[in-house]
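Participant: Line by line, the protein sequences give chains A and B.
So the first sequence is residues 1 to 264, counted in the working numbering.
So the second sequence is residues 1 to 858, counted in the working numbering.
Treat each hint with caution, since some may be false.
[Unchecked claim] Below, a sample of chain A positions facing chain B; criterion: calculated Cβ distance under 8 angstroms:
hint, residue
1, HIS68
2, GLU87
3, THR89
4, LEU91
5, ARG100
6, MET116
7, GLY149
8, ARG151
No wet-lab data here; the hints were simulated from the structure.
All C-beta atoms in this analysis are idealised placements derived from N, C-alpha and C, irrespective of residue type, glycine included.
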Amino acid sequence: MTQTIPSPPSPPSRPETPAAARAVGLTKIYGRGDVAVHALDGVDVTFAAGEFTAIMGPSGSGKSTLMHLLAGLDTATAGQAWLGGTELTTLNDDQLTLLRRQRVGFVFQSFNLLPMFTAAQNIALPSQLAGTRLDTEWYDTLVGTLGLGDRLSHKPHELSGGQQQRVAIARALSTRPEVVFADEPTGNLDSRSGTEVLSFLRRSVRELGQTIVMVTHDPAAAAYADRVVLLADGRIAGSITDPTPESVLAGLDALRNPAATVVG
Amino acid sequence: MLRATLDQMRASAGRLTAAAIAILLGTAFVAASLLASATMERATHDAFTASYGDADLVVDAQGVPIGPEEVAAVRGTDGVATADVQSWFGLEVTGPRATEWVSFSPTPSDPRLAVGTLSSGRDATAADEIVLAADVAERLGVEIGDVVPVGFQVYDEATDTQEQRTDRLEVVGLLEASDNFFAMGAGGRLEPEALDAWRTEQNGGDPEFYGTVLVALADGADLESVRADLQSAPGLADASVWTVPELAAERTAQETGSNVTFLVVMLGFAAVALSVAGLVISNTFQVLVAQRTRTLALLRCVGASRGQIRRSVLLEATLVGLLASLAGLALGTGVVMIGVRVLDGAFASSTIGTTVPFSWPVPVVTLGVGVLVTLLSALVPARMATRVAPVAALRPVEGPSEQGAGRLRMTLTVAATLVGALMLAGGVALSLGLSDTDSADAAMLGGLAIGVLGGLISLTGILVGSVFLVPRLLPLLGRLAGKSVPARIATANAVRNPRRTAATTNALVIGVALVVMMSTGAYSARHTLMDELDSSFPVDVVAQVGDTSVGVTPEQVEAVRQTEGVAATATLRTGSVEIGTGDLTTYVDLMAVDSGDLGDVMRSDALDGLTDGVMVIGWTYELGDLDGETVTVTGSDGTTLDLRMVPGDVGQNTAYVTPEAAEMLVPDAQVTTIYARMADDADAVATAGAVQNAVNEVTEADGSAPVLQVGGAAVERAAYGQVIDTLLAVVLGLLAVAVIIALVGVANTLSLSVLERRRENATLRAMGLTRGQLRGMLAVEGVLIASVGALVGGVAGLLYGWAGAAVVLGGLGSLSLGVPWPQLAAVAVIALVAGLVASVLPARSAVRQSPVAALATD
Ligand SMILES: Nc1ncnc2c1ncn2[C@@H]1O[C@H](COP(=O)(O)OP(=O)(O)OP(=O)(O)O)[C@@H](O)[C@H]1O
Ligand SMILES: [Mg+2]
Chain A
1 MTQTIPSPPS
11 PPSRPETPAA
21 ARAVGLTKIY
31 GRGDVAVHAL
41 DGVDVTFAAG
51 EFTAIMGPSG
61 SGKSTLMHLL
71 AGLDTATAGQ
81 AWLGGTELTT
91 LNDDQLTLLR
101 RQRVGFVFQS
111 FNLLPMFTAA
121 QNIALPSQLA
131 GTRLDTEWYD
141 TLVGTLGLGD
151 RLSHKPHELS
161 GGQQQRVAIA
171 RALSTRPEVV
181 FADEPTGNLD
191 SRSGTEVLSF
201 LRRSVRELGQ
211 TIVMVTHDPA
221 AAAYADRVVL
231 LADGRIAGSI
241 TDPTPESVLA
251 GLDALRNPAA
261 TVVG
Chain B
1 MLRATLDQMR
11 ASAGRLTAAA
21 IAILLGTAFV
31 AASLLASATM
41 ERATHDAFTA
51 SYGDADLVVD
61 AQGVPIGPEE
71 VAAVRGTDGV
81 ATADVQSWFG
91 LEVTGPRATE
101 WVSFSPTPSD
111 PRLAVGTLSS
121 GRDATAADEI
131 VLAADVAERL
141 GVEIGDVVPV
151 GFQVYDEATD
161 TQEQRTDRLE
171 VVGLLEASDN
181 FFAMGAGGRL
191 EPEALDAWRT
201 EQNGGDPEFY
211 GTVLVALADG
221 ADLESVRADL
231 QSAPGLADAS
241 VWTVPELAAE
251 RTAQETGSNV
261 TFLVVMLGFA
271 AVALSVAGLV
281 ISNTFQVLVA
291 QRTRTLALLR
301 CVGASRGQIR
311 RSVLLEATLV
321 GLLASLAGLA
331 LGTGVVMIGV
341 RVLDGAFASS
351 TIGTTVPFSW
361 PVPVVTLGVG
371 VLVTLLSALV
381 PARMATRVAP
391 VAALRPVEGP
401 SEQGAGRLRM
411 TLTVAATLVG
421 ALMLAGGVAL
431 SLGLSDTDSA
441 DAAMLGGLAI
451 GVLGGLISLT
461 GILVGSVFLV
471 PRLLPLLGRL
481 AGKSVPARIA
491 TANAVRNPRR
501 TAATTNALVI
511 GVALVVMMST
521 GAYSARHTLM
531 DELDSSFPVD
541 VVAQVGDTSV
551 GVTPEQVEAV
561 RQTEGVAATA
571 TLRTGSVEIG
581 TGDLTTYVDL
591 MAVDSGDLGD
601 VMRSDALDGL
611 TDGVMVIGWT
621 YELGDLDGET
631 VTVTGSDGTT
641 LDLRMVPGDV
651 GQNTAYVTPE
661 AAEMLVPDAQ
671 VTTIYARMAD
681 DADAVATAGA
691 VQNAVNEVTE
701 ADGSAPVLQV
711 GGAAVERAAY
721 GQVIDTLLAV
731 VLGLLAVAVI
741 IALVGVANTL
751 SLSVLERRRE
761 NATLRAMGLT
771 RGQLRGMLAV
781 EGVLIASVGA
791 LVGGVAGLLY
801 GWAGAAVVLG
811 GLGSLSLGVP
821 WPQLAAVAVI
831 ALVAGLVASV
841 LPARSAVRQS
851 PVAALATD
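Chain B on its own, in the form it takes in the complex:
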């Protein structure tokens, strides 16, 4: 029987190709996911290890405050050469090119405790010295020897305000750039005592911190005894003392939670690819069995038992699955290896490494899953094979008899689709209905769970029911293909084998539905978020002076106005006023237009109600929302005005008044702020950068002009958009594998049809069908099958996408659902082209065949 199986396999090797490719792609996905996850885990481990330098021991506070006494206790322990606190402190550093918030660590007291390497200059050893990471210095435009202004804010409880502290430090050294995610304070170094002092001041006088202390041992000290001594040092009873490898392992294990999520998500996509592969495999084997009916019957005639026949089909599946999975394992490993190399080359100090951590679970899981999926997919065809009666060998084979789909299937279809659709609607209703209440988050999660389940159930309904739906849709689509004989025959051929066509389109429906669902969701998310951003951050570009005692120069305003991509500008005076009702008062930042029209630069209608006697005010810390009441406003020189409060989304403790009111309240207010609105087609990031460069140029040319910080919603808007687009691209890339497998399935079905219709195609050729027409006929059939899959998947995906967006984004306020036309068009084009491409190889073998075959009897 093994012999017979192998012979049959060899004879139908070509027909098994599609199944093999499908399983190959699916298992490559599994292998790549496992390996990528393992690589990430190792990279995380390495990054942690690197973030502790060459310390011998690490005291990990684990929630225990570590203060100066504890550090002194560590340093005083026998066998400890030196110990450094791993603390960091953020400073705003301003250079000629930009202002950046940089995180600093203290200068190490011993080279062994250094995280990161000095690339030039020396370490900061005095309070007025600073070391910057090379990439930060580059962005700021500073070099060794420059004196840079730095600043940080300290909260003053007495006045309820943030106070700005500034200082000027000299750059004495540069650090090698690092992208180690876990090395906090990698932006630069400060003299340890200066850093501690600043940090303590910012903490409101509290010198304690929560973190780690790096310890270097004295020569000849015994690690374990020092560890024990440290553990029993005063104040460290609850802290843990680790070696670096121990701590890195521990931290990696904690971090692996997110790695597991990554793995689960990746394997989720792999599962989609594999289920699509399963459909293609099942289809292939069903056709193989149908084509071998006569051989199987002959085997039964000569005494093969049903069990032997079944085992023969399953053995064939196992062999195909195993071979294809091996190839998939190789492909997946190769992809990850290349990916790692590319990443390593792209980032100079990448911690990913150049090798892939290959361990035994990878091949075992990959091969196991591949063989299992193939076997499961071959179960139904194997049962079909055992049903072949021995007498079938004696009957002529004239087209496999195609039995109609049963009533049970119909019931199942209708029930699953209806129940799924109802659950989907229920999920949406739950989430939207409770979106304004306190339990919005719970309602969203509940709605999501119900919705996902409903989606799965209805998708099952669609897949089970495609055997009814697809043969009805195909003729409608076929009409679009025209009335020519090839088009008509192609349409008729496509519906001839409803089950096979339905199974083929199902594979495509799954992939396309997911692609369109994700695109629709991303589209809705994008628009909903943009609307949200428009009202919370109505100004595209804001250029602001850091020190409000100096105003912007007219040249700077002109430079912003002239920047390419800027459509409109306005300038504003700013000051601080006190507003209060009764004993409750609060300070707010007062804004008033100086030149230009705020209506032109703001994307929201928050200031529409701004008239004489009105103050448009955002939420305030002390007074909350103010709406309609008249409140006394006290200006900088004590002038008071009674203004009517109009609430508006203009920012916390921020208020707008008319220029006249501002003139009275803050007569000496400077023009500190420039608002700019971008043209709709402008590139947000490029324009914001151009504005920054333009004002910097003015500042560089004119020493008295202030340094301006450029920010605003445009960059944020673009960043949000980019995040969504990137995520979408990644997801679509992953789903593409499933779509490709489905298209292999289309090619497979076509080539099997070509084999089955040898006689018919030859007859048509004899009657005058040209080779070109025969090719066209198969192309139309391929395009029809692919289009039906794309159509059903597209409609389902659109509905799922809207439902998902409604559930997830409903709480964000104005939900804007839309149709992602570009993606839909892309799916349609891909379906058309793929249908065409899928027909190329089958058509080639079809036209090679001589029309003489039509006259052959068998």
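Isolated chain A (complex conformation):
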């Protein structure tokens, strides 16, 4: 990894390429001694700004863990996690919380909307937490693009799973975060709703310039991304640019069959 020559106004170790998120030798060990689990084992990976990246790998390979560390939800055992120019491992809980509030968006597998608030209130929540005004133009764009116009006054239990996930995406994008992290966003959806959600995620990258990191088990879903990062046993096992369902499947097969290698 090359680094810029230090110049006074910019931070000393700013990466040359505009990386939205970056892991350097990132390690996470759960437990101690005999029961210690190396969830992440020295991961180096960079997620470029304005890119839609999918993380794939077998169950237990450390995908969620990697995402948690990059999003400032959990603390690393060793290594560094960067969000833009900020090194996360040096921050305390409150600093991490403010960082998540201002610079990160989340989409969860089980939507996690607040049941007592309407769709509109759920979407407005992050900006209210940040104490900023929600940009009405941006809000209208989101609502329009996600097709939520006639569902805004409904509570989550009055919405279908796909609709709930679209509200969750609108919520994640509402503050225009630097990176949106999505952990299996289509895991609880039927294939039609899943397709809708994925197309929207891709549009938000292409048309709105959003950066998205998505964990998925579904090769078809991964094919919506610009790039697929493969993870196995807590290590980066390769990457696929401009993936198709077939190339992703082949890549995953190769993971199970170490003889074959994948060129990223």
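Chain A is fixed; fit chain B with the ligands onto it per the hints.
Facilitator: Just chain B with the ligands now, kept in the frame of chain A:
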């Protein structure tokens, strides 16, 4: 199934804590009430026993007059060594420090018949000797060897006046101080014949009395045969002859009536605490069942029957109830044991003893009540558990579905609240409407009964209806908490589970309503009584000479005026005049101002009409109320004046005239009385004491100055106030248990909510809610729930308090209802603080949780 139940209990032990604490506090209350009552009963028994000395037999007159012949018959009975009459006689004893009314008993003829012990000196054996209890002597400021003036009053039928008898007696001994309530005459001893003579004179020549004769047996005499002989002695056929233990047992049994009242009142408070506990328990179990829906459904899938599920929940309740009741029993016993020790240490000669009479009904009742309440509270949750269908195991659990409250409930709410309110109003109307008639007392009791019933019915309505009311009030209160995201979420969370929130606030409503009701009632009682005292006893401090032939000295007047806390003084001349219309005449005490202004020292307007040619007069024995008629007044030297009578609340057979009129009627009247009004912020008891000390100092320095007795309404006013305040403090202390249990309930509800909202809270944390904000969110929720309970309870309590005061105090005349702001403010502050405190533990477990949990699927 037992296995499964125990496993589930272990898994949810933390969640059962609140229910256990609630039942623990409630049962501790029951145990403490039972034990305290038993201790009091034993103390009463011991006090009775002590009040008969070491007598072998006691002849109890039981309404039969016992005179000198009967006593002689007792003494003459074979086997009787000696016998003493238990009689007493009251004397006013004056010492340098104070004048006190002291009750005396005769010097015992045998040490076995002595009640109380001589601590120094010897017994009174001559008519001019006196023995005083050490504490009385201390207060009066006299010692052995001093000669003290004593006095008593004898009614003279011929002149219709009380005549003062005075004598001077030498103090020859001191008795150990006693606080034995039943030992009459414990203030001192007099020589028996002198005592009898005085008593007979005071009784108008009648030597008979009603009471007891203590008997000591001769050596070797047989108790039963002496008893039989005494029973058949002349004049004693209707009297009973007891041994001391028999009589003490009998008297205790009679006295136990008041003990039973005490027990009933205490258990009433325990019942309040237990019903609040029941709400908390029911709430806990409902949530437990809701959280275990999936487990229960699984059990049903694998073949558990409905009966087994129900039994499992009830078994769990029984075990929790039993364990908590055991702890409650221990706590209650401990509290009473400590209390008894403290009391015993506080009073040197206390008859309470240091042990607690523990008998089997205490644990049986305590454990029984505890388990029963827990079981009853768990019945509804148990039924809920049996309703869980086996298929529920297959459905995802996404928040318990909260069904709205039914129409039946709404109807019940409106009906109960309306009917209760109408009955309450009816009770007030009945009592107030008939307060000036002869049947005022009956109307008051009837009104009270209707009112209490109405109060209970309307409170039921409020409690049943809180599920509608509370979710509507919470958002209004929530607005006060601000518009921040945590405050908004807290408000939304508080109304999410209307039933649970309503049940939580209900527990608080009961406690707060009772606290505020009692405070409001006490406040109104205080003010009504004070107004009443102002008009019946308009003068704060009265310093008066005992012997009206000597006047107060100017130094004494100055000493009173200079005393701290005294705002104004006036002096009065007093004399006696005869007033009459036709053949009917009566003597009245005449008062006229000498210096100062009576308007400055009197709290009533009774003397506003006092002008030349007028006599302001109170009710008189012979003439009753006089109003407007002109009556001839005859002075001490026969001078007569015709004065117009103006009625005023100035005391019986007492009249005020202008100084000029007094100069004509009683020219030689002395200045005998000093009136003083206290500053509004003065401490009544301290000021009265300071006045007494000030005049005593003058008397001690100047031998010719008279001894002044200090009295007046201020001390009485303060005493009334103190009685009300003390009663209120005790009642509030007892109710505090219910409030504490309710607050445990608030903490319980919050921690259950935290458990249920793990995912949501983690999501919020992931989205940028700081730990502090999460804590704040739970604090706001706790404060909101507590405030709603306090608000509803406070308003209800205020209305109940006013209604109660109107019913009970309406007959006393000017009823003054008010808002006890200090108590209301205290309730509000306690609600706020308690809401905050209740959120501390739940918040701690909430912030410990990592936001990563939000991304977990289940
Ligand atoms: N809190 C934890 N405590 C202990 N071990 C953990 C914890 N979280 C994850 N692990 C372990 O770390 C490893 C990586 O887990 P992670 O959740 O990142 O995998 P994943 O790739 O997301 O799997 P999946 O596809 O099943 O979601 C696993 O072996 C897991 O058991
Ligand atoms: Mg995962």
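Participant: Indicate, hint by hint, whether the structure satisfies it.
Facilitator: Right, here's what the structure says about each hint:
1. Evaluation of the HIS68(A) hint against chain B yields a held restraint, the C-beta minimum of about 5 angstroms falling below 8 angstroms.
2. Interface restraint check for GLU87(A): the shortest CB-CB distance to chain B comes to about 19 angstroms, outside 8 angstroms, so the restraint is violated.
3. Against a cut-off of 8 angstroms between C-beta atoms, the interface hint on THR89(A) is violated, since the closest Cβ of chain B lies about 16 angstroms away.
4. Hint on LEU91(A) is violated. Least Cβ distance to chain B is approximately 13 angstroms, over the 8 angstroms limit.
5. Annotation: ARG100(A) was flagged as interfacial toward chain B, and the flag holds, the nearest CB pair being 5 angstroms apart, inside 8 angstroms.
6. Because the closest C-beta pair between MET116(A) and chain B is about 4 angstroms apart, less than 8 angstroms, the hint holds.
7. Because the closest C-beta pair between GLY149(A) and chain B is about 24 angstroms apart, greater than 8 angstroms, the hint is violated.
8. This hint is violated: ARG151(A) has a C-beta 19 angstroms from the nearest C-beta of chain B, more than the 8 angstroms allowed.
Going through the hint list in order, the structure does not satisfy hints 2, 3, 4, 7 and 8.
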